[in-house]
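A.B. asks: Order-wise, the sequence lines are chains S and X. Note that the numbering used here has the first sequence beginning at 1, numbered continuously upward. Note that the numbering used here has the second sequence beginning at 1001, numbered continuously upward.
Among the clues, some could well be false.
[Claimed, not checked] Okay, derived cross-link-like pairs now, DSS-like style, lysine-lysine, Cα gap no bigger than 27 Å in a straight line:
no., chain 1, residue 1, chain 2, residue 2
1, S, LYS112, S, LYS100
2, S, LYS38, S, LYS71
3, S, LYS112, S, LYS71
4, S, LYS56, X, LYS1078
5, S, LYS71, X, LYS1078
6, X, LYS1057, S, LYS112
7, S, LYS71, S, LYS5
8, S, LYS38, S, LYS56
9, S, LYS112, S, LYS5
10, S, LYS68, S, LYS112
11, S, LYS100, X, LYS1042
12, X, LYS1057, S, LYS56
13, S, LYS5, X, LYS1042
14, X, LYS1078, S, LYS112
15, X, LYS1057, X, LYS1078
16, S, LYS68, S, LYS56
17, X, LYS1057, S, LYS5
18, S, LYS100, S, LYS5
19, S, LYS112, S, LYS54
20, S, LYS112, S, LYS38
21, X, LYS1042, X, LYS1057
22, S, LYS100, X, LYS1078
23, S, LYS71, S, LYS56
24, S, LYS54, X, LYS1057
Keep in mind the hints are simulated off the structure, nothing from the lab.
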Amino acid sequence: DQQVKQNSPSLSVQEGRISILNCDYTNSMFDYFLWYKKYPAEGPTFLISISSIKDKNEDGRFTVFLNKSAKHLSLHIVPSQPGDSAVYFCAASASTNAGKSTFGDGTTLTVKP
Amino acid sequence: EPEVTQTPSHQVTQMGQEVILRCVPISNHLYFYWYRQILGQKVEFLVSFYNNEISEKSEIFDDQFSVERPDGSNFTLKIRSTKLEDSAMYFCASRGTGGPYEQYFGPGTRLTVT
Chain S
1 DQQVKQNSPS
11 LSVQEGRISI
21 LNCDYTNSMF
31 DYFLWYKKYP
41 AEGPTFLISI
51 SSIKDKNEDG
61 RFTVFLNKSA
71 KHLSLHIVPS
81 QPGDSAVYFC
91 AASASTNAGK
101 STFGDGTTLT
111 VKP
Chain X
1001 EPEVTQTPSH
1011 QVTQMGQEVI
1021 LRCVPISNHL
1031 YFYWYRQILG
1041 QKVEFLVSFY
1051 NNEISEKSEI
1061 FDDQFSVERP
1071 DGSNFTLKIR
1081 STKLEDSAMY
1091 FCASRGTGGP
1101 YEQYFGPGTR
1111 LTVT
């Protein structure tokens, strides 16, 4: 039972356009949601997070939206840049479970110049 | 800015040999993790470690694997008898105790088993 799912293994967008990466979860106990970015041959790096009490969190070009009723979150990158090309992992954490995180399988984003 | 470090960056070993991968987590973190990524595949969780014991492990983490925190700074992953299929990037991660519980990953060790 995969509790965090990223249904699109890959996404390709043109430079300057918006990238939208999606993530679905099943466990209502999750109260934090995170996005990580990973370049080839490097470790993942934490990008942005959102608490379950919010529906939006913005950091520069990156915005995460949370729809609790649909158990869905998305990461918007605007404008997309070629340097954003990477694998993006969605993760969810539960304070009631000592902050244990569950990761999705990742979406490979390619931003074309 | 504090970071997670891993040594060596690349380890080549022969099948059947033992290897120890080393990690220095961020100093005030209390939760530690190992993940691996086989070339071309997804990042897979191996084990989590807290309060000097394993708190969770995946099916991959069988009897040939062990973890240890031998002192106050290092966190190690030992593979007792390496197999060809253990060839992968191994990532260490650590985190603190507060939300959002983000993990900080090291740069990885590339293990090549020949």
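A.B. asks: For every hint, state whether the structure bears it out.
C.D. replies: Results of checking the hints against the structure:
1. S:LYS112 with S:LYS100: violated, 35 Å
2. S:LYS38 with S:LYS71: holds, 24 Å
3. S:LYS112 with S:LYS71: violated, 30 Å
4. S:LYS56 with X:LYS1078: Violated, because 42 Å separates the two Cα atoms, which is more than 27 Å.
5. S:LYS71 with X:LYS1078: violated, 38 Å
6. X:LYS1057 with S:LYS112: violated, 39 Å
7. S:LYS71 with S:LYS5: holds, 11 Å
8. S:LYS38 with S:LYS56: holds, 23 Å
9. S:LYS112 with S:LYS5: Given that 27 Å is the threshold and the Cα spacing comes to 25 Å, the pair holds.
10. S:LYS68 with S:LYS112: violated, 32 Å
11. S:LYS100 with X:LYS1042: holds, 19 Å
12. X:LYS1057 with S:LYS56: Violated: LYS1057 of chain X and LYS56 of chain S sit about 33 Å apart, past 27 Å.
13. S:LYS5 with X:LYS1042: Roughly 13 Å separates the two Cα atoms, so the pair holds.
14. X:LYS1078 with S:LYS112: Outside the cut-off at roughly 41 Å; violated.
15. X:LYS1057 with X:LYS1078: holds, 14 Å
16. S:LYS68 with S:LYS56: Satisfied, since the Cα-Cα distance of roughly 11 Å is no more than 27 Å.
17. X:LYS1057 with S:LYS5: With a Cα-Cα distance of about 20 Å, the restraint between LYS1057 of chain X and LYS5 of chain S holds, given a limit of 27 Å.
18. S:LYS100 with S:LYS5: Cα-Cα ~16 Å, so holds.
19. S:LYS112 with S:LYS54: violated, 32 Å
20. S:LYS112 with S:LYS38: With a Cα-Cα distance of about 18 Å, the restraint between LYS112 of chain S and LYS38 of chain S holds, given a limit of 27 Å.
21. X:LYS1042 with X:LYS1057: holds, 17 Å
22. S:LYS100 with X:LYS1078: Holds - the C-alpha atoms of LYS1078 of chain X and LYS100 of chain S are around 23 Å apart, at most 27 Å.
23. S:LYS71 with S:LYS56: holds, 14 Å
24. S:LYS54 with X:LYS1057: violated, 32 Å
Against the hints set out earlier in the document, violations occur for numbers 1, 3, 4, 5, 6, 10, 12, 14, 19 and 24.
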